[in-house]
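Line by line, the protein sequences are chains A and B.
Just so we're aligned: 142 in the working numbering is position 142 of the first sequence, and the numbers increase by one with no gaps anywhere.
Just so we're aligned: 561 in the working numbering is position 561 of the second sequence, and the numbers increase by one with no gaps anywhere.
FYI, nobody ran anything at the bench for these hints, they're computed from the structure.
Check before you lean on any hint, since a few could be wrong.
Said to hold, decoys possible - Simulated crosslink set (DSS-like; lysine-lysine; CA at most 25 Å straight-line):
#	chain 1	residue 1	chain 2	residue 2
1	B	Lys223	A	Lys232
2	B	Lys467	B	Lys150
3	B	Lys189	B	Lys223
4	B	Lys527	A	Lys49
5	B	Lys665	A	Lys64
6	B	Lys490	B	Lys132
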Amino acid sequence: MLGRIHSIDTFTTLDGPGIRTAIFMQGCCLQCKYCHNPDTWKAKSGDSKEYSPEALMHIIMRGKPYFDASGGGITFSGGEPLLQHDFIKEIFVRCQQTGISTAFDSSLYVSQNMVESLLDCTDLVLADIKHIDPIKSLNLVGASNESNLSNIELINNYQIPIWIRYVVVPGWTDDVKDVEAMSRFITPLDYVERVDLLPYHSLGKHKWAMLGLEYKLDDIHPPPPGQMIKLKSIIEELTRKQVVIHE
Amino acid sequence: MQAWEGFKPGRWVDNIDVRDFIQKNYHPYDGDSSFLSSTSDKTSQLWKKCQELLRAEYRNGGVLAVDARTPITITSHPPAYIDQELETIVGVQTDQPLKRAINVWGGLRSSIKACHAYGYEPDEQVVDFFKKYRPTHNDGVFAVYTPEMKLARRVGIITGLPDSYGRGRIIGDYRRVPLYGIDHLAAAKERDLELMNKKMGSHSIQLREEVFKQIKALQDIKKMAAGYGFDISNPANNALEAVQWLYFTYLAAVKEQNGAAMSLGRIANFLDIYIERDMKQGFITEIEAQELIDQLVIKLRFVRHLRSPEYNELFAGDPNWVTESIGGMGVDGRHLVTRTSYRILNTLYNLGPAPEPNMTVLWSENLPDDFKHFCSELSINTSTLQYENDDLMRRYYGDDYAIACCVSAMKIGQETQFFGARCNLAKLLLYALNGGRDEMTGEQVGVEASVYEGSILEYDKVLRRFKIQMEWLSELYVNTMNVIHYMHDKYAYEALQFALHDTTIHYYMAFGIAGLSVAADSLSAIKYARVKAIKDERGIINNFVIDGDFPKFGNDDARVDRIAADLVKDFISSLQKHPAYKNAEHTLSILTITSNVMYGKHTGTTPDGRQIGQPLAPGANPLHGREEHGALAACNSVAQLDYRYARDGISFTFSTIPSALGVVKEEQIANLTGLLSGYFKQDAHHMNVNVLNLETLEEAMSHPEKYPDLTIRISGYAVHFIKLTREQQEEVIMRTFFKRM
Numbered sequence: 001m002l003g004r005i006h007s008i009d010t011f012t013t014l015d016g017p018g019i020r021t022a023i024f025m026q027g028c029c030l031q032c033k034y035c036h037n038p039d040t041w042k043a044k045s046g047d048s049k050e051y052s053p054e055a056l057m058h059i060i061m062r063g064k065p066y067f068d069a070s071g072g073g074i075t076f077s078g079g080e081p082l083l084q085h086d087f088i089k090e091i092f093v094r095c096q097q098t099g100i101s102t103a104f105d106s107s108l109y110v111s112q113n114m115v116e117s118l119l120d121c122t123d124l125v126l127a128d129i130k131h132i133d134p135i136k137s138l139n140l141v142g143a144s145n146e147s148n149l150s151n152i153e154l155i156n157n158y159q160i161p162i163w164i165r166y167v168v169v170p171g172w173t174d175d176v177k178d179v180e181a182m183s184r185f186i187t188p189l190d191y192v193e194r195v196d197l198l199p200y201h202s203l204g205k206h207k208w209a210m211l212g213l214e215y216k217l218d219d220i221h222p223p224p225p226g227q228m229i230k231l232k233s234i235i236e237e238l239t240r241k242q243v244v245i246h247e
Numbered sequence: 001m002q003a004w005e006g007f008k009p010g011r012w013v014d015n016i017d018v019r020d021f022i023q024k025n026y027h028p029y030d031g032d033s034s035f036l037s038s039t040s041d042k043t044s045q046l047w048k049k050c051q052e053l054l055r056a057e058y059r060n061g062g063v064l065a066v067d068a069r070t071p072i073t074i075t076s077h078p079p080a081y082i083d084q085e086l087e088t089i090v091g092v093q094t095d096q097p098l099k100r101a102i103n104v105w106g107g108l109r110s111s112i113k114a115c116h117a118y119g120y121e122p123d124e125q126v127v128d129f130f131k132k133y134r135p136t137h138n139d140g141v142f143a144v145y146t147p148e149m150k151l152a153r154r155v156g157i158i159t160g161l162p163d164s165y166g167r168g169r170i171i172g173d174y175r176r177v178p179l180y181g182i183d184h185l186a187a188a189k190e191r192d193l194e195l196m197n198k199k200m201g202s203h204s205i206q207l208r209e210e211v212f213k214q215i216k217a218l219q220d221i222k223k224m225a226a227g228y229g230f231d232i233s234n235p236a237n238n239a240l241e242a243v244q245w246l247y248f249t250y251l252a253a254v255k256e257q258n259g260a261a262m263s264l265g266r267i268a269n270f271l272d273i274y275i276e277r278d279m280k281q282g283f284i285t286e287i288e289a290q291e292l293i294d295q296l297v298i299k300l301r302f303v304r305h306l307r308s309p310e311y312n313e314l315f316a317g318d319p320n321w322v323t324e325s326i327g328g329m330g331v332d333g334r335h336l337v338t339r340t341s342y343r344i345l346n347t348l349y350n351l352g353p354a355p356e357p358n359m360t361v362l363w364s365e366n367l368p369d370d371f372k373h374f375c376s377e378l379s380i381n382t383s384t385l386q387y388e389n390d391d392l393m394r395r396y397y398g399d400d401y402a403i404a405c406c407v408s409a410m411k412i413g414q415e416t417q418f419f420g421a422r423c424n425l426a427k428l429l430l431y432a433l434n435g436g437r438d439e440m441t442g443e444q445v446g447v448e449a450s451v452y453e454g455s456i457l458e459y460d461k462v463l464r465r466f467k468i469q470m471e472w473l474s475e476l477y478v479n480t481m482n483v484i485h486y487m488h489d490k491y492a493y494e495a496l497q498f499a500l501h502d503t504t505i506h507y508y509m510a511f512g513i514a515g516l517s518v519a520a521d522s523l524s525a526i527k528y529a530r531v532k533a534i535k536d537e538r539g540i541i542n543n544f545v546i547d548g549d550f551p552k553f554g555n556d557d558a559r560v561d562r563i564a565a566d567l568v569k570d571f572i573s574s575l576q577k578h579p580a581y582k583n584a585e586h587t588l589s590i591l592t593i594t595s596n597v598m599y600g601k602h603t604g605t606t607p608d609g610r611q612i613g614q615p616l617a618p619g620a621n622p623l624h625g626r627e628e629h630g631a632l633a634a635c636n637s638v639a640q641l642d643y644r645y646a647r648d649g650i651s652f653t654f655s656t657i658p659s660a661l662g663v664v665k666e667e668q669i670a671n672l673t674g675l676l677s678g679y680f681k682q683d684a685h686h687m688n689v690n691v692l693n694l695e696t697l698e699e700a701m702s703h704p705e706k707y708p709d710l711t712i713r714i715s716g717y718a719v720h721f722i723k724l725t726r727e728q729q730e731e732v733i734m735r736t737f738f739k740r741m
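Throw the hints in and build the complete structure from the sequences for me.
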């Protein structure tokens, strides 16, 4: 079995606790308007490479001293990593055997069985909520959000720690009512440990042009810091969970 | 004796043994930084005046004033002050703070050039005296250099050699003077003279003369200190005296010598013992203790030497490498962190970030967590620290060693090194292709052979040719160093610094490599891709067509990392074949300071695709932009270089943006600590840590006046960013800042 990998970053600190090696999988089922890695959408692309589990494990193991020292591990991201859940499972099982903590960062706009297949060997899920409203979700990312929300509940029921990630896109996802609704969804989920708010940025825009795609958020600017703080306190107040604003 | 009252006695009482004194009397501190105090009012006022002087110096083109009349010695200048009322610790090099004197012992020509560079005319009588009556180190070297040595130096296969300035990298054990007083130290040296072999051969004659000079130097510090109203014949009685005695001794050293690196050693725990004793008796408070250290550090930040423009090109930003080694572990398992380890680091908060002293944390897995986090946070806030692996070095040097310059470890007072700059390995590879002809000038420099025949480069063939040139260069390099250090001893002997060593010294001869990653990548390209060599009209190979991909150093790929590791091992073995002056032990560093820019300028296009004139990578870093798998992969590649074969240090500079270390400050601190731990656990040697925003650097280039304190670390030292040349600034910016995809 081979995994198709867009790229590997051996040192990230933003995709779970501690120092982590992030593996960005090729291929995605969504087309988020703000995506900063549209080059990961296609199932195959020029720059992606196939890795055997052994080859990938070799790279992962090289980070072990750093994971041990910092409480880190590995995170599969993408693209949509769960499209290659068999490969990830293979890696996760091996990681757990050697004491490396496992995480995946997914949109969870995938079928339930994909998620289920990994639950036995996953230590942390970074779960996107793209939009709490099904229609707005469809407009923003090209799909409705039923599977997203039900998968989060599934993971929560399985008692796996979850970090929610929410991208704040002015005019799209920053409506206070939507954020309140999302908070109400999160509140009863005991295994949601924290909520990460990611301000929209246009750093990936050049990739759209390179791929010949039309970037539709041209006139959207990053949310002002005040707006991020306001949303943070709304979520904190309603959910009583830790909320972290990314740069 | 009153001075030693309350100290636990030991072997140090009857022998000169500062380590034993420290081990018997220091108290490891396990707590956090909450006890630290801010700077005293007096120090704040003083520092404000100092900052005005520093600004004036910057506005004046980097040099405030020059005394072009009085060659500097320990006793050449009368006492001077910044503001006597505000100074707890006194003493400056010349008759005015920041005024630079001429130090002619290293070389007359470079002194004259340095004066001219800043619009001064050196005193005629002085010039005349040195021209007619007193050869300098530089005269001595050039009297003996062979034409081959001169050529190698000129084309830049070996450069930066200390043949016209002080060699430095010698650490006097400055703690000996406060602990024992001058008279005791002088008497001990007299005794050494008495016990010496009376059979007069060239070695014993030389040694007798050297010790004679050492004793005179000790007497000179006494005179210098007396000028300031202090009698340092006897040991220091309290913390204030201990700091002052120690500083006088260091001051005398930087008056006597303009060595490239005039490092301080490992003084914090020594001083901590005095501070603790005074505190216990209620003589001083925390704020006064901090004042002593702040004031000492102010003085260390005011050390100045007059340098020529060529020198500045090699070592940019006016560095002195007043390196202080902090932390580490004792061989008995106790850590060597004291409150004064914190206090000296705290000066970076109290006085603001600055390159000097060159704060070097000796990292051990077993350091207290609070201390590790304090250091990481300081790195994130100021980018002023470098870290070196104590768990690795302690195996070789015990627990009372210090770092000279950037990465050169030595036992304090027992070992020293002969500094040897570095050779350009990337250029040597081009010599291998061109039969020893220099690709820039076309001259025959290395072993004469035919230019590589055939157009596709074959790995085995190239490697064989490379080894031949390496053998040639090694012999030439060792012999050149022997000349330099023989002459330095003869004409510019560091009498004071050696007076603060045992009379029997173990010497290292420290060779160096520049361009390791370019050489390794080039060989990797030849091995794993198809590299076609292209000759120019002179018949010299100076361009390449690369077909296919190849593993590049910095991606944790064993195929190329091993090539790099083997190059290091082969080169040191080759150097060891040739005996070194004073029976020195050969060592090797992978360190460039800022000279990687200059070396690159004089190196043709290389088979890895690096273009002619482009900078080499600094130290052991991968070449800019070649890391494809992020920071851990780069760290791991560098960690593959075995310290055993590069005992003079393996320098790696890690630069990142704050947000890449984590979302919130606590995470950033924990992750940086984790990064250091993971790196050093693999027996890696050194890491400079820069945590900066690229935008800040770019802004500082356009508006230097807004960033007087912006400090960054480069290959083993720290500099004020605005004091770099534009070219060097650009190189720093070009260098990879690890960011996520």
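How the hints compare with the structure:
1. Using a Cα cut-off of 25 Å, the hinted pair Lys223(B) and Lys232(A) is violated, with the two alpha carbons roughly 67 Å apart.
2. Distance check on the hinted pair: Lys467(B) and Lys150(B) sit about 22 Å apart at the alpha-carbon level, within 25 Å; holds.
3. Between the alpha carbons of Lys189(B) and Lys223(B) the distance comes to roughly 18 Å, so the proposed pair stays at or under 25 Å and holds.
4. The hinted pair formed by Lys527(B) and Lys49(A) meets the criterion: a straight-line CA distance of about 22 Å does not exceed 25 Å.
5. Distance hint between Lys665(B) and Lys64(A) is fulfilled; the C-alpha atoms sit about 23 Å from each other, no more than 25 Å.
6. A threshold of 25 Å between alpha carbons decides the hint, and for Lys490(B) with Lys132(B) the separation of about 17 Å falls inside it, so the pair holds.
Figure legend: structure checked against the earlier numbered hints; the only hint not met is number 1.
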